[in-house]
Amino acid sequence: MRPRTWVLVLAAVFAVLQLANVTGRATPDTKNYLSYAMSLRGASEREAATVAIDYSCASQGANARRDQSVNPLNFHGKDPAARVAKKCRDAEWRRVNARLQAGQTGGFITPFTSERFMRIFEVRPGYPVFLVPFVTLLGPVWGMWSASVVLTVGGGILVFLILRTLSVSVPLALTGQALYYVLPCGTTSMRPMTEGLMTALTLAAVWGCALVLKGQRTRVGLSLVGGSLVLLFTVKHSQSLFLGLCLAGAGAVVAVGRMRRGRAPGRALVTVAVLGATAALGTLVLASALHYPSQTDSLQDLLTDHYARPDRTRLWPEFLHLEADFWLEWTRQQLWQPMLVAALGAGAWGAVRRPAFGVFLIGAAFTGILTQAAHPDISVWGGRLIVLVWLLPVVGVPLLLEGVVRGKAAGAVPVPTPVPGQGLGEHAHSLR
-12 MRPRTWVLVL
-2 AAVFAVLQLA
8 NVTGRATPDT
18 KNYLSYAMSL
28 RGASEREAAT
38 VAIDYSCASQ
48 GANARRDQSV
58 NPLNFHGKDP
68 AARVAKKCRD
78 AEWRRVNARL
88 QAGQTGGFIT
98 PFTSERFMRI
108 FEVRPGYPVF
118 LVPFVTLLGP
128 VWGMWSASVV
138 LTVGGGILVF
148 LILRTLSVSV
158 PLALTGQALY
168 YVLPCGTTSM
178 RPMTEGLMTA
188 LTLAAVWGCA
198 LVLKGQRTRV
208 GLSLVGGSLV
218 LLFTVKHSQS
228 LFLGLCLAGA
238 GAVVAVGRMR
248 RGRAPGRALV
258 TVAVLGATAA
268 LGTLVLASAL
278 HYPSQTDSLQ
288 DLLTDHYARP
298 DRTRLWPEFL
308 HLEADFWLEW
318 TRQQLWQPML
328 VAALGAGAWG
338 AVRRPAFGVF
348 LIGAAFTGIL
358 TQAAHPDISV
368 WGGRLIVLVW
378 LLPVVGVPLL
388 LEGVVRGKAA
398 GAVPVPTPVP
408 GQGLGEHAHS
418 LR
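Residues in the sequence shown are numbered consecutively from -12, following our numbering.
Because the hints were derived from the structure by calculation, they are not lab data. We put the beta carbon where it would ideally sit given N, CA and C, even for glycine. Be aware that a few hints might be false.
Here are the in silico distance ranges between beta carbons for each label pair [as the list claims (entries may be wrong)]:
1) Ala276 <-> Leu6: 41 to 47 Å
2) Ser101 <-> Val328: 37 to 43 Å
3) Gln91 <-> Val3: 40 to 46 Å
4) Pro342 <-> Thr318: 56 to 62 Å
5) Asp312 <-> Leu271: 26 to 32 Å
6) Gly126 <-> Arg204: 37 to 43 Å
7) Val(-4) <-> Gly64: 40 to 46 Å
8) Gln91 <-> Leu268: 33 to 39 Å
9) Arg204 <-> Gln91: 48 to 54 Å
10) Ser31 <-> Pro120: 17 to 23 Å
11) Pro120 <-> Arg301: 29 to 35 Å
12) Trp80 <-> Thr265: 41 to 47 Å
13) Ser101 <-> Val272: 25 to 31 Å
14) Val57 <-> Arg82: 28 to 34 Å
Please construct the entire structure, taking both the sequences and the accompanying hints into account.
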């Protein structure tokens, strides 16, 4: 079969496997994005709230059913799904009605909580806009599922394209695609939240960097980098800031390395660095001009349980204390279960085999560290905030395996045994 056929087969297999969990994936934030999407497609405030609450509570009910079915003490009990979903709906509507009656009616999102907290989601229209055609055509359940499948499948295909751009063999490029699906980056992308779109756009920027470094379709590569950074601002502007900084830094490192070896950095490479720096600076300026929630607002959200408690008066000292404690505990957990550490080590080993591209890959993965450092909450589900670090092993491990495979192939080439009386010229002729 052709390579593209294998890519589609792998994507189709992944999509079919996801049918096992059409429901039950919602997180507490999912209803905010779904409500936003419903409002964008013209739904009334009540209709948007109803769809979002029903979807979120049905997910809770589905999870309750699954949990009970494997509970050794109560697996034969009455199905709790309807009861759990009703209790959830009643609680959500009490909160929403109270806030609507209090006059909290501004914005595109149903007032599930305080206006201050809702503002964090109001400034992320990119993902709700992406959801609109899916929920319009397929309804909330299948629409949200389909949107997640498209984003995750697309992310895996982007990994394949990155590796093929780097001249990695088709089997190893398919390995990278499969790694994306089975590692936490794929699992997280399937959650109905911004991470799937954010990761796909980050991979698109990395692909653009690969095209630029290979000198192939440079304009397309630069367009991918610039376009991804712009779109990331609408999805989650902090990622536009972090990725811009990391791409600018990576471009500077590669440019300095080239100049030290007596080579010109190249206009395209400098342009990538400039695009990154412009995105970082532009994010700061535009976020301030549009009165987006600041870093201080984000820290207060973290330290006050989403503004449920009074603001902290010693914000930065407490944050830095938590930051230190977080990374100490995170390191302890990683040493206990060193899967991520091993994967990052293998990915970094593969990345350094392609020094110029490897710097950009490491930079993109490092945005996961920056995101986690900006919000050091170890209770967040499944390492969601740090998920972008998994891009390093997803792309780096196939690069590492490529070196191993090529080394074995080179070692397997038979060395001709000289025939007595055969001269060098004859020997050379015999190899042709």
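Checklist entry - Going through the earlier hints one by one, which of them does the structure break, listed in rising order? => result Failing hints, ascending: 4, 11.
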